[in-house]
Each structure stands twice: as structure tokens, then as C-alpha cells.
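Undergrad: Chain A is fixed; fit chains B and C onto it per the hints.
Residue numbers (this note's numbering), protein chains in the order written: chain A, 120 to 364; chain B, 120 to 364; chain C, 120 to 364.
Everything labelled a hint here was simulated from the structure, so no lab data went into it.
Note that the structure is a prediction, hence the values are computed from the model and not measured.
Don't take each hint at face value.
One copy or two, it doesn't matter: identical chains are merged, so the pair holds either way.
Claimed, not checked - When the alpha-carbon atoms are kept at most 25 Å apart in a straight line, the in silico SDA-like pairs for lysine to any residue are as follows:
(1) 309 with 224
(2) 309 with 220
(3) 262 with 198
(4) 266 with 309
(5) 129 with 306
(6) 122 with 329
(7) 322 with 203
(8) 122 with 230
(9) 290 with 226
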Amino acid sequence: MFKAVIGAEKLKDAIESISTLVDEARFKLTTDGITVRAVDPANVAMVSLDLAKDAFDSYEATEGELGIDLTKLNSIMEMADKSDNIELDLDETAHKLIVRMRGLSYTMSLLDPSSIRKEPKIPALDLPAHIVIRGEDLRRAVKAAEKVSDYMSMGVKGNIFFMEAEGDTDKVRLEMTKDQLIDLQAGEAKSLFSLDYLTDIAKIAGKAEEVTIDLGKDYPLKARFKIAQGHGEVSYMLAPRVESE
Amino acid sequence: MFKAVIGAEKLKDAIESISTLVDEARFKLTTDGITVRAVDPANVAMVSLDLAKDAFDSYEATEGELGIDLTKLNSIMEMADKSDNIELDLDETAHKLIVRMRGLSYTMSLLDPSSIRKEPKIPALDLPAHIVIRGEDLRRAVKAAEKVSDYMSMGVKGNIFFMEAEGDTDKVRLEMTKDQLIDLQAGEAKSLFSLDYLTDIAKIAGKAEEVTIDLGKDYPLKARFKIAQGHGEVSYMLAPRVESE
Amino acid sequence: MFKAVIGAEKLKDAIESISTLVDEARFKLTTDGITVRAVDPANVAMVSLDLAKDAFDSYEATEGELGIDLTKLNSIMEMADKSDNIELDLDETAHKLIVRMRGLSYTMSLLDPSSIRKEPKIPALDLPAHIVIRGEDLRRAVKAAEKVSDYMSMGVKGNIFFMEAEGDTDKVRLEMTKDQLIDLQAGEAKSLFSLDYLTDIAKIAGKAEEVTIDLGKDYPLKARFKIAQGHGEVSYMLAPRVESE
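Bound conformation, chain A alone (with noise of 0.2 Å):
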């Protein structure tokens, strides 16, 4: 059983944060809530999504997995303004979710959760540095970065935070002390990414007012930041590349 309320932009942000790495993925229901656990079809990222029942302006539901079409549902949300209210309910026995607005309703059909594939065990990691910095200036970084090359190095170096990509003949460097910073715990952390992943991450990310980041040396990064104006969590895992090529 699932019936809820929630605004557009919430759900759009909600489904944005995980249909950038995977275009299907499992809603675990439960009575606090919505959870998602994804990772995209190379093993490289995984995202983690919850959004608490606070984030939905009326929310019952029972325990339960809903396979979810992400593309399908992106498509229906562009239907949606901003300040509409998204109404969501499932019928069990049709194995579809309808989704209403203003009026109008579609029926979705839901995918079986088992032919979704389930995320990995992610070890536990211990990473040194921590950096707490504007979501906007994360993503100005990495367009930068891409002018250039198609990996970007992230790292902590004395009270430096720095993000650097070198091409074959030009370099891209951005350097911010603890005071440009929201926050800074330094740690000796430096490690090289994909852009193609961070581009998505940071698109998203892009929009958050911080967005916390934990680094290593060769570790995967961590980033995490508030969505559905703080009744949702979303979190990055991004494994670094392996040095070789």
C-alpha cells in the first residue's frame, strides 16, 4: 500500500539525483519513508537516496519495493510546474503507479523489482579530509575541468582544498583555502575521477546550498547534501580511476 502527496520540485530532484547514474531502480517503502540504493551498470558510482516521510505533504505507506522506470518517470514529471502537487498511488493488483496532477492521472506501469539488479556491498571507508563547499562552486570546477581533460584530481594539501585537470597542453586549477570554503578538515587526500561521472554528480549537487565531500589518497570520494528542502538526503560514492590506462 502506497498513497502520497508530495511538490513537484521535490520529486523531480528525488528522481533526478538517481536516474543520473541508472535508468531503473528499486523504491524500498517503508513507513518513514522512500530509500533508493542504486549503481550504475559500470560499478563505478552509487547513489543513495532517502526521502523522509517530512518531505511529502501526506505519506502512508506499507513496507514494500516498487520497480521504477526512472526515464518514464522524468518524462512525466516534465509535465508538472514547479508548485503542482504530485499525487502518488499504487495499484497493487494492476502492478501500476498513477500519477496525478492537476486533473490529469497516468498509469505507469511498474517494473518487477527483481529484474532490476541490486547494488554491491560498499565497504566501510575511512577517509581523512572532509570539505564542505558550495554546491555551486563544485560544479563550476568541474565544467572547468572538462575544457581540458576527461579526469579531474580532487584533494586536501596542508589547508588547501584544490581540484585540478591537465590536458595535453593546458591545465585547469582551482584552489580554495578553509575560509573560501564552508567548512574544511584537513587530511592529507588526493585522488583522480572521471568527469564523465562527476559532470552528473555535480549537475545535481550543483543545486545544493553544501554539499560535504571525504576524500583519500587513490580512496573513492563521498559527497552528500540535502535535497527536498532538508527532508531528503542524497549521497555519492565515486570510486577513483585506476592509475594505468
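TA: Quick look at chains B and C alone, frame taken from chain A:
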């Protein structure tokens, strides 16, 4: 003889209402205004435009017929600002229409009206259901229907006007009661229409405050609305989809 | 030695005025400012840019020459907001230009100036007709001409400045009298120009308050206007179309 001045936006809207169905059309001039009737090449939809003399800032014409290349006239109108006044001047001997706007004059060759195919006779129809809907609501329903199918049914059942499209797995349905509409005269009606055509019609009708739709059971749809600040009327007739396939 | 700070919009406009004709250019540095002269690969059009020291917030330079990849510099400038200050810093030993904006530094390799082709000598021309026109009016006429032809004639006849393009069936003509222009010094003139080039030039000149155009009979056109809030000047010379084909 034809010499007239009209606001750019009014002329643009009038031309687009026809060019959405055909590339060339005969403009019938009378002392009272301009009339255009055109049928799309597949004989599925017909448009009828009446632009009264009052829609013009100045208007002088003798009876006549102009063969207009609508693609070209649209492209000329792109050069005009919304607030521009467009001067139209017929050069009968050279068989050209001179379109002037802010110092710029565009001399456009006319087509031989007899080379443009005539509209067929349209049978008089007695359609039982009448709906008056906001243009914007019509457009929204049509856009939603496109997500799932190439066809859309429209009808009235009891006191409900509905638009519905069904795809292989998903379904879109809009229901509007009399008080969500501007007006509704009930009457059993349901017909299936091609979204190819409805999309084009809804794009134009979507700008209108109110659109009057007449429907029957497997009968053509009639949609009409005002343009040019009430001094013009556009009406479309759209054949229902022949049941088969 | 070169170290300067300039508003992003001024720098963008300056670069675009050259990049519309060529992909690479030599920037001549003097203690008074920067000068660029470039000819397009087909030898049809030449641009000359003078950006005075005053256009910069700070400016220090010794005599020198920088080989600039304009496509790349344009792409770097896309990252800047209109209101950003751009810091330019020459690393002479590494042969690189460092472009800084809000914490971000972009290290761009310079080209060997000797590898960029030199501009040919331009003969001194005595052009009899002089027109001062609003940039916007020039751009509008050029856009209209594109609708009907690949070429456009410009000229002065009596006290009328005209621009005209003729296609197989249609014709566009703009006529402006002295009082519709900013200024006009009459003199018989008429030449035919390629719209490929006029379009590019008018795109840049279209932003200028006023554009001074010098014309002759089958002679090149000269168009010049201010940029960077009056602290820079751009001038184009465009060869007329050779009569034949």
C-alpha cells in the same frame, strides 16, 4: 487591389493557424476581410480562418485571391517585432506582395491560386457534445497523451469531459467536470484522433483563452477559437481515426 | 612581461570580434594596449582590433607578441560571469598564459606567433560614401537579406543609403534617409558583398550603438565601431564580390 496595415502579432497568429496544416494557401480577399480555407494533404484536417477588416489598422481590398507561400511568409514575419506594424501591398501587375516593416521591404512572389488545391466540401455535421475549455488545458492534455501513444480519444460521458491515450503499458487520462471547464453541454460522444494533428492544433489553440470543441460518436471534432483580439476566428475540423489496424 | 586585469564582458567582446573571422591570432602587446590584425583564410575580410590600456582595470606589458588559440580562449571565457574580473598573466618561460577568474586558474599554452599567418598589406582606399548607422539596424537588414540570397548590395544613391538582396523570385530592400541614420555623407557607391561575411560582422557590430561604414563603387567596405565602453575599436574591411560566376 489590396493594401492593408496590421499588427505583427495578429498577422503571425493568423498565418500560423493555417501553416500548421498546409504550406500554401489561397487567401480570399473581400471588402470585409480575408478568408482562408485549407485542407491538409492527407485530407484529415481542415482549417478555416476569418480575419475581419476590423483586425487591421487600415484595410482596402477589392475581391480577389492571393496564392501565398506560408513557409516564406512565416519566415518574413520572424523578422518583425511583436509590436511592429506590417504593411501589405499588392503589386498586381508583377504578381507580388510587398511586405513592409520599419523601413524594410520584402517583395514576395505570389503563387498562382489555381495551382493550390481546393478544399473539398465539408458535410454539415450535427455533433451532440459541446465543450468550452481553456486553450492551455487542451494543450496540456495533448502533450501528456503524446508520452504514451500516437492517438488520443476525446469524449463526454455523463457530465465529464475526458481525454485519454493508451500505450502498450501506460495510460494517460484527463477528466474535467463542468466546473473545471468553461462550459459543457453533455451528450454521449467519443472519438479517436491522431495526435499528429491534435498536437499541431493544440499548439495554436493553446494560446486562446477559450476553445469550443464539438464532439460526436466516431465523428469528426470541431474546434474553434478567436484570434487577433477577437477580430478573427480560426476553426479546425479533424477526422476521427478509422477503426482498424 | 604581461599582467593585466579586465572585465569579462569587455574581453569577451574583444575576442569574439576577431574569432568571427579566424581561429588563431597574434596579439601585439605594447605599453599602451593590445592590437590584433587578422585576415580570414580566404583573404576576403580583415579585422583590426585596438584595445587601449584604459580598457583594463590594471595593465602592465612590455613589447611582445602572443599567439592565441581563439577557440580555446572563447571557451575559457564561457566560464566567466559578465561581472567577473579576468586576470591575465604571462608565463614567459613556460610559454603559457594563465587566465584567472574567481579562484579558478586556467593555464593555456600559447601558439608560436610565427606559425600564425601574417596579414597582407591593405591598400589605402579612398571611399566616397560614409554612413553612420545603429548597429541593430545593420544587423536587421543583414538578417532579412539572408532570407533571399547569399549576397547583398550596399550603396548610397542621392541621399539614400540602401541595402538590397535579390533572390530568384523575392527581393529584400532597406532604404534609410539621412534622418533615419545617425549620419550620412553622400557619394555614389554600390558594391556587392557575401552574406557569409556580413552575417559574422553584423553579429558583432549589431551590439554597437553606432557603426561607421565607408563605401565605394565595387570597392571594399570598411565598418568600424567602439567596444569595451569606448576604450577599444574594431574595424572590418570586406572585399566586394568579384563580378562573374
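Undergrad: Decide, hint by hint, whether the structure agrees.
TA: Comparing the hints with the structure gives:
1. In this homomeric assembly, residue 309 and residue 224 come within 25 Å of each other (Cα to Cα) only across copies, at 19 Å, whereas the closest approach inside a single copy is 49 Å.
2. For the identical chains of this complex, residue 309 and residue 220 are inter-copy neighbours only, at 23 Å across copies versus 46 Å inside a copy, given an alpha-carbon limit of 25 Å.
3. Only between protomers do residue 262 and residue 198 lie at most 25 Å apart by alpha-carbon distance; the minimum there is 8 Å, versus 29 Å within a single protomer.
4. Taking the closest pair of Cα atoms, residue 266 and residue 309 come within 25 Å of each other only inside a single copy of the chain (21 Å); across copies the shortest separation is 45 Å, beyond that limit.
5. Neither within a single protomer nor between protomers do residue 129 and residue 306 lie at most 25 Å apart by alpha-carbon distance, with minima of 35 Å and 41 Å respectively.
6. In this assembly of identical chains, residue 122 and residue 329 lie within 25 Å of each other by CA distance neither inside one copy nor across copies; the values are 31 Å within and 34 Å between.
7. Taking CA atoms no more than 25 Å apart as the test, residue 322 paired with residue 203 passes in both settings, with 23 Å inside one copy and 22 Å between copies.
8. In this assembly of identical chains, the alpha carbons of residue 122 and residue 230 lie at most 25 Å apart only when taken from the same copy (18 Å versus 60 Å across copies).
9. Proximity of residue 290 to residue 226 under the C-alpha cut-off of 25 Å is restricted to the inter-copy arrangement: shortest distance 5 Å between copies versus 50 Å within a copy.
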